[in-house]
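Participant: Each chain, letter by letter, is given below.
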Amino acid sequence: MSEDTPFEPVESKEESFGAETPVTGQTKMQAAWSGSDDEKSSAQVAQSQQGQIFEQIYQPWTGTLNPRWMRNWAILRHHILGIFKTGHRPWNIPTKLFIFFVIIASMTDVAMALLFGMIGEPTLYDIWGVNRDNLYGHVMGFFPRNILYYPIVAALLVGGMISEDRAHGTSALYFSRPINRFDYASMKFLAVGLILFFIINGTLAVYYFVDILVMGKGWAWIIDTFPMFLSAFICGIILSFTYTSIGLALSSISRGRFFPAIGLVAILMGTRAMASIIDALFDKSVLYVISPYDAVAHVCQALIGTEMTYDHPWVWSLISVVVINGLALYLLASRVSSLEVTRE
Amino acid sequence: MVRDLIIESTALTKAYGPHIALDSLDIKIEQGATGLLGPNGAGKSTFLKTILGLIQLTSGEGKVLGFDIRSQGDQIRQRIGYMPEYDALNPGMDAIHQVRYSGELIGMNPNIALQRAHQALEYVGLGEQRYRQVSTFSTGMKQATKLACALIHDPALIIADEPSNGLDAQSREFMLNTLETTVNQGQRSVLMASHLMDDVERVCENIVLLHKGKLAAQGKIEDLKAIDKEIEIHVWGSANKMEEALKDKGMKVRREGRVMRIGHTGDETYNSILQTAVEVGTQVRRMHDHEASLEDLFLVIMERLGHDVKSSEDLMRGT
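Protein sequences appear in the order of chains A and B. Under this note's numbering, the first residue of the first sequence carries the number 1, and numbering increases by one thereafter. Under this note's numbering, the first residue of the second sequence carries the number 1001, and numbering increases by one thereafter.
One chain only, chain A, in its complex shape (with noise of 0.2 Å):
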């Protein structure tokens, strides 16, 4: 060491341990940092797992399949449970967060009755209690029921029933099983029917029963009351159907989901909305044979006995509910018909 520099001078390093350094089997932070002792010292080098990690072996099943029911239950269980749980049918969250807010809305006139009938205020319970007109209004009633509800659970649950399964190709894995397409549309159609009869006749029986159990209604109530609640029952039931094979028809003959959705929501508020434009500049309501919601209410009123609110005969009603879901079906069928097992 000299007198004018404290420190002895660094020796400039040549190497470079860039990406083109050739492998030596040192380490980087070892090759750059050790010291003369590089020969004696031994870096701690993580050692590839050499070998097999995947081993294919092919396992035979010997199981025995279960007859045509319990594939068509399993169609079924697959689009109801999807609403509940994982692992089935994905329904998005909208739809599921919407089937909760209806389930709830629709029974509004259940929590009012109670209301009304537990503080003991009579007028009030006899707007909101079990009665002709409200029985009707609980399944049938236009705003909010038909037009904000009913209409728009059924717009997203036929969305993409059929018409995914013809965009993602998984009509071939229904098909290409002993699937027939009989089976196929029908459970299609249930699963859809059955999650708006839940809806609509679930919260009606709701709120018929409750009304029963918690007003203490008598046996002579009852016996009065139940023609009209079964009638309104049935309504349901039509209205169900009605909404199901008009949107299951557009969805056949769709490949995503908006247009079905829309269309089944544009054919209910169209045509009612054109009937009720002829309705009030001609005084004439037989146009509201073309509306399906009309049809079905129009039924129903005679059906349940309320007050009538069309000119026409109920009749043509009746045949105007038979027509169009014969039209819807028979669409539906041609469409399903249609759909290929090896390509689209």
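Calculated directly from the structure, the hints in this document are not laboratory data. Errors might be hidden in some of the hints.
What the hints assert, rightly or not - Lysine to aspartate or glutamate pairs mimicking EDC-like chemistry, simulated, CA-CA at most 20 Å apart:
#: 1; chain 1: B; residue 1: Lys1252; chain 2: B; residue 2: Glu1230
#: 2; chain 1: B; residue 1: Lys1049; chain 2: A; residue 2: Glu307
#: 3; chain 1: B; residue 1: Lys1049; chain 2: A; residue 2: Asp183
#: 4; chain 1: B; residue 1: Lys1063; chain 2: B; residue 2: Glu1122
Stated by the list, open to error - Just some of the chain B residues that point at chain A, by a computed CB distance under 8 Å:
#: 5; residue: Tyr1123
#: 6; residue: Asp1289
#: 7; residue: Ala1292
C-beta atoms are modelled at their ideal positions from N, C-alpha and C, and glycine is treated no differently.
Assemble chain B onto chain A, guided by the hints.
Facilitator: For chain B alone, coordinates are given in the frame of chain A:
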């Protein structure tokens, strides 16, 4: 060794109005792996739908696994695993539940289907990814999931429609290995429709070749290759003379520089070649049989059609 027939048809015909999609097919497919070949529009898809029992025949008869394709479609489809060419998976579901659902559609108990779905996905190499959504899968993983859906009920026959379509080299290798394992280890039959001759050659022993709805050829690949058998020689000196001399003797010769391929017409061809070489003073430095690829074979068959050629014997006769 004579093996059981899994598919057999007699004069099987399917017409859509005036268009004949399948024209009087007499097909016999043995157990094992069979390739279904043919250009676009040859009738492969119609044939697959026919053997799945999905379409009504115009005329003729057919049996798959011993079941009549006219009246026992359900029984056939219970015993077949079909792997479609195109996407057939719900992108919003995870693989395990997708495969389980496909098992339930066959008629499996849900719990057993779930257990079996784990095995099937493990088998196709998706054991670690089985809880991932299908929408996040690569093409190879989707293909593997479709195969798992087809295998869940351990079918006697797997129909794989373009199984290596769109796969990279590694995935393709794995898919073909899996099909081979299914045939060799699982003792299952595979009917593989593909445009990729290498894939068919790799997996299958037999082929069925369709062309314009007619049966162009069927049989063992090895047997069929014999129709295009050639002898390859590498010569030194007087190659032109050699070529001319061979042609003068009526041999079919293709030449590229010093390499010649001579049509094999029998064992005497070897002697004729050597005799000719002696006559023209050419050294034959190398001589060996040239094995045609399946692609060569396909081209030769197409060239020779003659769409009425229906067996390898006919083709070997060179009609």
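Participant: Each hint needs a verdict: does it hold in this structure or not?
Facilitator: Verification of the supplied hints:
1. Proposed proximity of lysine 1252/B and glutamate 1230/B is supported: the alpha carbons are some 9 Å apart, at most 20 Å.
2. The suggested pairing of lysine 1049/B with glutamate 307/A is violated, with an alpha-carbon distance near 56 Å, which exceeds 20 Å.
3. Using a Cα cut-off of 20 Å, the hinted pair lysine 1049/B and aspartate 183/A holds, with the two alpha carbons roughly 19 Å apart.
4. Straight-line distance between C-alpha atoms of lysine 1063/B and glutamate 1122/B comes to about 33 Å, which puts the hinted pair past the 20 Å bound.
5. Against a cut-off of 8 Å between C-beta atoms, the interface hint on tyrosine 1123/B holds, since the closest Cβ of chain A lies about 6 Å away.
6. For aspartate 1289/B, the suggested interface contact is broken, since its CB lies about 34 Å from the closest CB of chain A, more than 8 Å.
7. Among the interface hints, the one on alanine 1292/B is violated; its C-beta lies about 30 Å from the nearest C-beta in chain A, farther than the 8 Å criterion.
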